[in-house]
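J.: So the chains spell out like this:
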Amino acid sequence: MSVNDADGSRAALALGGSRSSGLTFRQPMIGEQFVTVLAAARTGAEWAWTNLYKQFAPAVLGYLRAQQAPEPEDLTAEVFFQVVKGLGQFEGGEADFRSWIFVIAHRKLIDDIRHRGRRPVRPTDTETLESLASRGNVEDEALSGLSEIDLRRLLAQLTDDQRDVLLLRILGGLTVPEVAAAIGRRPGAVHALQQRALARLRKEMV
Amino acid sequence: MKPFGKISEHELDRLFSGKAPAENTGLNDIARLVQKVQTTYLTNIEPDLEATHLAGLIEMVNLTDKGDLAARPASKVTGPHAQASGLPKRRRKFMLESLFATLAAKLAVGGIAIAMAASGAAVTGHLPDQAQTGLSTAVEKIGIHIPLGDTAEEALERAEAAAEAAAEAAEEALERAEAAAEAAARAAEELTGEGDVDGDETNGPNENAAFGQSVAEDARDGGVDGQDISEAARAAHRPENAGPPADAAGSPGQTGLDRASQTPAAGHIPSSVPGGRPGGVGGGTP
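From first to last, the protein sequence lines are chains L and R. Add 4 to the 1-based position in the first sequence for the working numbering, that's all there is to it. Add 27 to the 1-based position in the second sequence for the working numbering, that's all there is to it.
Okay, chain L solo, but in the shape it has when bound (with noise of 0.2 Å):
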């Protein structure tokens, strides 16, 4: 990655951290450079700012979408707004960074859910299986033995509170204790709410 902080100009960066089998969530994505985007972005700097969406937003969205968000695009943006406003008062490297912006996103996502009046576990609707179904990754799914919609069925077997935990540890690749701090549980309650929620996943899946 190469930051030109003379110009201010937006810099190359390389991001790593691509979509893939391999990704690892807890591995710095930006590394030692957040330091310089953090405080460039505090200074407003386009090219920061564009390197924080990049690196961050896929996963804000898909943990919304997993959540089946009405709009997850617009509460992605909506998040990202957030951290503009509350960058100042932002302190840590960039997993405490990313835990902030999980914690922006699931907040938002109960909000949006009050205002709708209830948790959208919704069936899924021939339009939208048929949309998922020409989605699918045929070699994901022969990998995985799972498609799209199955992950749909098994995820709405779960409660809310057990399927916050797991894709907040999933996608968002937030520890145990910022799993807690997120929803407002105690450390142990999460590991219990995991346990019970792969258990029933593996139950679901026999």
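Just to be clear, a hint being listed does not mean it is correct.
[Claimed, not checked] Between beta-carbon pairs, the in silico distance windows are:
1) L/PRO191 - R/ILE141: 53 to 59 Å
2) L/PRO74 - R/LEU134: 50 to 56 Å
3) R/ILE171 - L/LYS89: 50 to 56 Å
4) R/ASP75 - L/LYS89: 22 to 28 Å
5) L/PRO74 - R/ASP40: 55 to 61 Å
6) L/GLY96 - R/SER35: 26 to 32 Å
7) R/HIS153 - L/ASP115: 51 to 57 Å
8) L/HIS119 - R/ALA158: 23 to 29 Å
9) L/ARG157 - R/ASP40: 22 to 28 Å
10) L/GLN93 - R/ALA131: 40 to 46 Å
11) L/ILE114 - R/ALA148: 28 to 34 Å
12) R/MET143 - L/PRO74: 51 to 57 Å
Simulated from the structure, these hints should not be mistaken for lab results. C-beta atoms are modelled at their ideal positions from N, C-alpha and C, and glycine is treated no differently.
Given chain L's structure and the hints, the job is docking chain R onto it.
T.: Relative to chain L, chain R alone:
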């Protein structure tokens, strides 16, 4: 399949980070599930959506940079602010309910309400008479004025009414006295008029003309000092020198000529007037 309950946190961290499970852990099914979740939902954002999001994001960054400055130099970052959201509303409601649940609190609220009502009534003067007077007297000592009780005010009103009645009576008496004085004056004029008639009959018009002329000459010669006459008249009407009351002026047997003869100008009564001074005005100056 590994029995549930024996997955360590370390193994879970490994699985959730997308790594393959260790050998002989029996967690392949979980690993496949995690991989499926990640490959399904962790996709690149569509270019159009990304461009839209970035445009909005940059616009907001520029706005905040020029406005309320959400983005600021790292050297001035103070860290997260303390949460100021307070207790949840449910808890606050509970606290309020418990506050008013005790008997002492209810009594206190009732006492405060009574005190406030009494204060309001006292200020507007609507307490019972004795209470209002007592309270007014008490607070007057500390410099606060509130109306007296109805008893005192009634007494004051009665005194004022009596004073008004007395003033009206005095005014009526004065009017009567003035009327009597006017009547007396008219009687005197009538008497004087009779004298003129008599004079007309005895002295004739030529003598009256002579009287007017003599008065005019007297005035020119200074024979009659009007100022002296005025002062003498004022002296005569001072209280100690005042004559009989107005009523007395109209007493039987006294005429206007009698009263005129008591004035300092008595010496100037023309001789044509019956009972006047023999020398009269025309008789020369004093």
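J.: Is the gap between the beta carbons of L/PRO74 and R/LEU134 within 50 to 56 Å?
T.: 54 Å, holds
J.: Taking the beta carbons of L/PRO74 and R/ASP40, is their distance inside 55 to 61 Å?
T.: 32 Å, violated
J.: Within 26 to 32 Å: is that where the Cβ-Cβ distance between L/GLY96 and R/SER35 falls?
T.: 28 Å, holds
J.: Kindly confirm whether 23 to 29 Å is satisfied by the beta carbon distance between L/HIS119 and R/ALA158.
T.: About 59 Å separates the Cβ atoms of L/HIS119 and R/ALA158, which means 23 to 29 Å is violated.
J.: Taking the CB of L/PRO191 and the CB of R/ILE141, does the distance hold inside 53 to 59 Å?
T.: Taking Cβ atoms as reference, L/PRO191 and R/ILE141 lie about 55 Å apart, which means the hint holds.
J.: When you take the CB atoms of L/GLN93 and R/ALA131, is the distance between them in 40 to 46 Å?
T.: 44 Å, holds
J.: Take a look at whether the Cβ-Cβ distance between R/ILE171 and L/LYS89 falls inside 50 to 56 Å.
T.: With a Cβ separation near 54 Å, R/ILE171 and L/LYS89 satisfy 50 to 56 Å, so the hint holds.
J.: Given the hint of 51 to 57 Å, is the C-beta distance from R/MET143 to L/PRO74 inside that range or not?
T.: Given a distance of about 54 Å, which is inside 51 to 57 Å, the answer is holds.
J.: Look at the Cβ atoms of L/ILE114 and R/ALA148 and judge whether their distance stays inside 28 to 34 Å.
T.: Check failed, 54 Å falls outside 28 to 34 Å.
J.: Indicate whether the distance between the beta carbons of R/ASP75 and L/LYS89 respects the range 22 to 28 Å.
T.: Since the Cβ atoms of R/ASP75 and L/LYS89 sit about 25 Å apart, the hinted range of 22 to 28 Å holds.
J.: Lying within 22 to 28 Å: is that true of the beta-carbon distance L/ARG157 to R/ASP40?
T.: 27 Å, holds
J.: Hint says 51 to 57 Å; check whether the CB-CB distance for R/HIS153 and L/ASP115 agrees.
T.: 55 Å, holds
Violation of the numbered hints given earlier is confined to hints 5, 8 and 11; the remaining hints are satisfied by the structure.
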